[in-house]
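K.L.:
Relying on the hints, combine the two individually framed chains into one complex.
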Amino acid sequence: MSEVSASNATAPPCKPRVAVHKFSSCDGCQLALLNAGEALLALAERVDLVHFAEAGPMDPEAEVDIAFVEGSVSTPEDRSRIVRVRSNSRFLVTLGACATAGGIQALRNFADGDGWLGAVYASPEFVSSLAQVSPIREHVHVDLELWGCPVSGRQVVSAVGSLLAGAPPAVPDERLCLECKRQQAVCVMVTRGAPCMGPVTRTGCGALCPRFERDCYGCYGPAEHSNTQALGRRFAGLGLVDEAVVRRFHFINSQAPAFLEAGQRARGHADD
Amino acid sequence: MTERRDVRIEVPVLARVEGEGALSLEVRDGRIERLQLRIYEPPRLFEKFLEGRGHEEIPDAVARICGICPVAYQMSAVAALEQAMGVGIDDWVRRMRRVFYCGEWLQSHALHIHLLAAPDFLGYDSVVEMAKGHPDLVRRGLRLQALGNDLIALFGGRSVHPVGACVGGFHHAPTVAAVAAMRTRLNDAQEDARALLDWALALPVPDSDQDFVSVALRHPQDYAMAEGCIVSDRGLDIGAEAFEAHFRELQVPHSTALHALLHDEPYMVGPLARLNLNHERLPEALRERLLAAGLRLPSRNPFHSLIARAAEIAFIVGEAARLLADYAEPPLPAAAVTPRAGMGFGATEAPRGLLWHRYEVDDAGHVRSARIVPPTSQNQARIEADLRQSLELLGLDQPDEALRLRGEQVIRSYDPCISCATHFLRLDVRRR
Chain A
1 MSEVSASNAT
11 APPCKPRVAV
21 HKFSSCDGCQ
31 LALLNAGEAL
41 LALAERVDLV
51 HFAEAGPMDP
61 EAEVDIAFVE
71 GSVSTPEDRS
81 RIVRVRSNSR
91 FLVTLGACAT
101 AGGIQALRNF
111 ADGDGWLGAV
121 YASPEFVSSL
131 AQVSPIREHV
141 HVDLELWGCP
151 VSGRQVVSAV
161 GSLLAGAPPA
171 VPDERLCLEC
181 KRQQAVCVMV
191 TRGAPCMGPV
201 TRTGCGALCP
211 RFERDCYGCY
221 GPAEHSNTQA
231 LGRRFAGLGL
241 VDEAVVRRFH
251 FINSQAPAFL
261 EAGQRARGHA
271 DD
Chain B
1 MTERRDVRIE
11 VPVLARVEGE
21 GALSLEVRDG
31 RIERLQLRIY
41 EPPRLFEKFL
51 EGRGHEEIPD
61 AVARICGICP
71 VAYQMSAVAA
81 LEQAMGVGID
91 DWVRRMRRVF
101 YCGEWLQSHA
111 LHIHLLAAPD
121 FLGYDSVVEM
131 AKGHPDLVRR
141 GLRLQALGND
151 LIALFGGRSV
161 HPVGACVGGF
171 HHAPTVAAVA
181 AMRTRLNDAQ
191 EDARALLDWA
201 LALPVPDSDQ
211 DFVSVALRHP
221 QDYAMAEGCI
231 VSDRGLDIGA
241 EAFEAHFREL
251 QVPHSTALHA
261 LLHDEPYMVG
271 PLARLNLNHE
281 RLPEALRERL
291 LAAGLRLPSR
301 NPFHSLIARA
311 AEIAFIVGEA
321 ARLLADYAEP
331 PLPAAAVTPR
341 AGMGFGATEA
351 PRGLLWHRYE
361 VDDAGHVRSA
371 RIVPPTSQNQ
381 ARIEADLRQS
391 LELLGLDQPD
401 EALRLRGEQV
411 IRSYDPCISC
421 ATHFLRLDVR
431 RR
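Residue numbers (the numbering used here), protein chains in the order written: chain A, 1 to 272; chain B, 1 to 432.
None of these hints come from the bench; they were simulated from the model.
Below, computed lysine to any residue pairings styled on SDA-like, alpha-carbon distance capped at 20 Å:
1. K48/B x E249/B
2. K15/A x N88/A
3. K48/B x L130/A
4. K15/A x S158/A
5. K132/B x R46/A
6. K48/B x S134/A
7. K48/B x A244/A
8. K15/A x R90/A
9. K48/B x D362/B
10. K132/B x L41/A
11. K132/B x G37/A
12. K48/B x Q132/A
13. K132/B x D120/B
The structure presented is a predicted model; accordingly, all values stated were derived computationally and were not measured.
Here chain B stands alone, though its shape is the one from the complex (with noise of 0.2 Å):
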């Protein structure tokens, strides 16, 4: 016989995510009484000092959003502002934009896997603990994030604010040199992703069977990175200038980013439902092999999230190596922009999920608006919902120790990143 008791968890400062946000948990009678993820975020209020820049600052000011997904930011800008002021991108863009976009979830994925969230399934508080007893995992890891640092270096200098990106496409084309570089590497590093892969399949991962929506973007043929139409489960498809029409954002006086909803309800956004909604998109051989390991497609259990993500770096290495295979520079590695007033809209999917953006412009090609919906915000009424459910599993009866680590657990899959959370509508401490 079980005894009742009350629990209070408090968890003031979340480790192993990025940015800043807390969870408390309250739990009386056997049942959970109040429920809140805190994100206490500072405003930064990006949206207002992009009014006024010129079209061509904007990839430099909404990379600073996040160090993380700097590359998932300039994306989506890019393709709302091109929209906005009519210009056509070329095939060469639109492929190194992808290859771009492949250097960044290698990056984030490795970085995820390895640094916030294995040790939660090994049992260890960090890497530094981790690596004493798995080096080699370690090491792995480390080699993928580097060879992601450098594809993304390879377009934009640095993988941290990277500086080539433009609207209409890039400063500069690598040269031919270090493409072919490049290549190797990424086939080298085929092997690492394979056994990463095989790795993440056989990982211990708690049981859960949650009915929840999910959102990304789908392209006609491609596996979905930077192009394509938003569409869920629930038979959702449109374009990315319907999103208002569909998503709402709502104020909670728990946090400071607002939690999204589709139709009125809790969604997912990021590498699981990505997966749920595309896997027929991926090389056959992967498909099989994840269908091999006995992963079922679409899947409820969100703690599959992190089997998507070495799945899709599985993807990403070979998809780069691909896209890279007959690389030639481009006469200009960008199209020409000729400012014009307009209104421009742009979903691409970042590491972590759908990242819209809307810029309305004048006719000197300065942003007169800008509205930026990050994946956090979309995932967060997901994440809480997903926290009553799998703390319900486990058993509300665990010791706290037990069900703040398995709290964790579940909004570290999620990768939120709370630095995303670009606004905000109410804090709840009164200014002096």
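Isolated chain A, as found in the complex (with noise of 0.2 Å):
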């Protein structure tokens, strides 16, 4: 994070300027700020919200010291519209698992792309989406990455915290099995054989699935060293076949690297 340091050292004198941009998703992780209340009352205050086309402030053009990108990259004026947000922009931040990992619409990345459309679309032909969804990452140089399938308010305006005071933002990237211990939540997998994805799922959503009696589905997505292979494994102990062992993977955060491979392990078993 020596950039931050470098790049606050020159920081302009007035309020930092942040934008909040748009691209496919749901708008939830727009919600971390819409929800937040006080917190974002508090944030108006410091910093100066230029764009952020939900709560009202459009200049999508300026340029900004943090911009928010929530969603992935579907479309060509997507892929053009992201290198104008990145050149007008000191720090680039992605927002939740559409930017980060390509969201629930990369899906499509699965399967045969023509059969799809034609299957949805009258005229095929007149779809102006990419072949494949793709994370912010894939496009444009990414200063910060924030997971989860929503981000919660607290990342958001702690990483603005962070970014303005020019510390290394805390991105926690431990196995959520962790912090259900710390919870101390029962275990799903052991006393209920459910196929939990917290030995492999990044912590932040404060085990939620777990502590409501349920399995936890990866919308947090890949922890740091995490053993998919074993929980592949483990899945098929518990009875799941090859085919809803790559459902669990490939999910919410499909194009996160260890997720999008131990999807096609399995799928690569179901094809044997």
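P.N.:
Right under this line is the structure:
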């Protein structure tokens, strides 16, 4: 994060300028800000929100200190727009699973694209979408990635604070299981044989699913050094067919390399 | 004598709506020659990638259609899947789903009124600007929105993409202590809700007298949320399974979302349509409050949607408290599910209107096909009709800026949820 301190030295004296850009998404990560309540009003005192279409301010081509990007790249127009956003921003921060790992719409990457389009569209030749949905980092340099579907308000507000203070933002990458133990939740895999993604999923949600007596489905993306191979074998031991293991890994964060590869491995077994 | 002129208004990105849309307007010789609400959210192909997934994955998948109304997608989906597989739910599940849904109406309506719509009525560009002039109004709105979010989280862990709902009920029942704390907050919020309704009823609303068809669910006793028949004020009264016989979706070249029509005509769904069709199901005191303020129902003024949202907030806060009054944890929070092949239909009232799902599942409970008709697609033709009438009433000789602002105000009053445009027939650019 040396870039943070270096850039901070030349920071302009006026209020930092912040933009929120939307690409292909459900808008849920923008709600991390719109649901922040008083924290949003406090943030608006500290920064200039120059572009945030859902909240009101509109200036998509403005130069900013921090650009938050929600959503994945799925049309040719998106591809050129993200380049402009990058060149207008000092820091570019991805907000959530779509921007960071393709999001749920990237499931179309696994399908016979033309077949799907033909099934859904009367005139598929007019469809402007790209064959593959991709995360932001495949197109431009990203300074910070915030994982989660959705991200939490706490993650976003604390990232803004750190970036503006010139401190490296803390992005946890430990496994969900550790948080689950701290919360003293009963392990749903051990006690009920539920196919829980906790052993390979990044913490950050507060271990919601195990605390709600169900299996984690990986919405915060892969943890560091996650052993997806061992978990895939465990799922098979719990009685999941290969196709079901594929679906566990290829869901909300299917374009994250660790999950992409784990799903393809299980798919390979299924095809054998 | 007013001067005749040509007007060309392009709003390339609509602010303060969920998702991405645009408005094009061309006026020539004092007449609207072209008016298009364009929705250009990229295709996300939800219905296709639900295919092959197990019933237990569907609530997590469909939540991702929309960050503002994930509960609505979950509730229509579980209703349809339960019908398809013959799963019966008990009274506890039925009541708690209604409370869960109250949470979503509360957060969505409070967000819409304060962050998206009120700046139009009070002459601000955004809630941040409005907060400087009306700090108490904004704080009250944020409190109600937060309460809605917390009510969703009570059943779902978090308010965006909650994790608690499943086919048959919930994964987890809230504790008695957590419910007691929530009940206290709901009771305390009644004052905020009453004050919000008073404020909404006193707000100067643009004149409009339009002849439109209202469509909503209706339930024999309750103000309809997650159960009921689909009715209109022109005599329609059908079950969810008959939807496709009366409603059809139409491709229009300028929008990526489809236009839905009822018997080939535009219609309105959402809070005003619900209030028009169901106001007699509201508690008597609330009905009297609306009457005393001079609100005549059914209303023919689409700008009354904001009042309808405020009235529904007042209703929800009391309704959730009532449903939680004698709360006890159930032996099991969900009915057992035995997968079997079948077809099921689910219709519930999303905050912004009727949301219809159809699923066909195989004998393992995996989805074979899905169809989802979101409220935004249903309201789209009506929004265009409203824009024509509202702008003509305002006067096409008004300055461009006034026409643009009124146009945006009309669109926002429907609270279109553009990410919800789950399927599309045609976009306007050729693939490279």
